[in-house]
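Chemist: Mapping to the working numbering: the sequence shown position 347 is 347, numbers consecutive.
Honestly, the hints are just simulated from the structure, not real lab data. Glycine included, every Cβ here is placed at the ideal spot set by N, Cα and C. Hints are supplied without guarantee of correctness; some may be wrong.
[What the hints assert, rightly or not] Label-pair distances were calculated between CB atoms; the ranges are:
(1) A112 - R323: 40 to 46 Å
(2) Q182 - G54: 55 to 61 Å
(3) D193 - P240: 39 to 45 Å
(4) P39 - D308: 58 to 64 Å
(5) G431 - G375: 27 to 33 Å
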Amino acid sequence: MSMRWWYGRVMALAGVIVMAIGLTSGVAAASEHHTGQLPDGATWVADVPAAWNGTTILYSHGFGPLAAQNAPNEETRQALLGSGYALVGSSYSGPSWWALASAVHDQFGALAALERLTGPPRRTIAWGTSMGGLVSALEAEDGGRRLDGVLSTCGLVAGGLNLNNYQLDGEYALAHLLAPAQNVKLVRFANPDEGSASAAALTKITTDAQATPAGRARIALAAALMNGPGWFTGATPPAPADYAGQEIQQQQELAQLVLGFVVAGRYQIELAAGGNSASTAGVDYRALLTGSSHARQVRALYRTAGLDLDADLAALTRDADIRPDPQAVRTLARTSMVTGRLRVPTLNIHTTADQLVPVEQEDWYGGRVHRAGAGPLLRQAYVGATGHCAFRPSESIAALHALESRITTGRWGRVAEPDRLNQAAEGLGGGGRYVRFDPPRLTGGLGEPGRP
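Just need the whole structure built from these sequences, with the hints factored in.
Modeler: In structure tokens:
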């Protein structure tokens, strides 16, 4: 199955919940629609409502085909236009779907192109989704006088190096512990088909292993290394001590969504980086698990299966031999990692159970920002839901209004607290599910236990 097929699958399984929030059918017709092309080949698209409120939203789309977008989905786009916001976004210019080397430049190029038509806005807010959330986080450090604030939604804010490393840790555990004789290729894919073949192999391995207690224990270990939540479907998560129920959810997310998308997607990141940036060599897998919020679950399932967890962790550490390409590491460090040095107010929102961009990324990012001395500029808020970017439009727009309040008043106050965000979402007609939440540490992240 191709990467494009998996992209469509992700959009179907992890799409935004469609909700009506007081929209009228004539919004788009009352807007001026603009398109164009930047010198590097990126395209851009913009919509300016007739009753423009003076605020432009610079929207950064997520990982996928390079097509210009100016909103996360049609429902949110219509709501924003109906409230008077101008919208603009670019396609990015590549060379692959992991377009971080060009994205910030292309986004500001699209903004400048629109401003040549409309004149300067009263206020500009960057808004990004998923990989685009990382683009927006980078814009928060580079935007300076061009931006007034940043809203990062389900953002990949821990960056490309961390993403590649912890995903590889989990993939390596599945391959090495469940099917060592298959020699599944995990990095340095020569073409998209190699990535898709490895994704299919790991998906089958994970599906077959679910039939035995030993397989289920090792799936839970791999999921823990990948920061995989124990909630994939259903209105509520399994109980905190329902370790078997959590593992069922983890196996489903791995087999139905995560492996097919992220393993095949590695080809796109390697293409952009010029090689493999991830490593297993030198990793202490015992330390990685010890630092995981899922460690208790994994230990319990290993006891049930009668397996020696220490032996498996020792084998993973002993046999790990994947080393990175230094140039690829340097490329992603330069293009795809934040410094934490924010220059404008920034609000991040995340679901508490995100299968593709784990909420643990917010803990790593928050630490980075605070160590850089920019903590007062940042707020992070959490929607108690499962799914990647599974926000109601009312929840996203409530966050936008909270950021606007911070920009206007110069202080956060309580505008980004769960009760205030839910109240604002309710006022928009869609309700809110914001909760008080402290994200766990990012297992396998740079600077975290076990990672050299």
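Chemist: Would you mind marking each hint as holding or not holding in the structure?
Modeler: Structure-based check of each hint:
no.: 1; hint: A112 - R323: 40 to 46 Å; in the structure: 42 Å, holds
no.: 2; hint: Q182 - G54: 55 to 61 Å; in the structure: 59 Å, holds
no.: 3; hint: D193 - P240: 39 to 45 Å; in the structure: 42 Å, holds
no.: 4; hint: P39 - D308: 58 to 64 Å; in the structure: 60 Å, holds
no.: 5; hint: G431 - G375: 27 to 33 Å; in the structure: 30 Å, holds
The structure meets every hint from the earlier list without exception.
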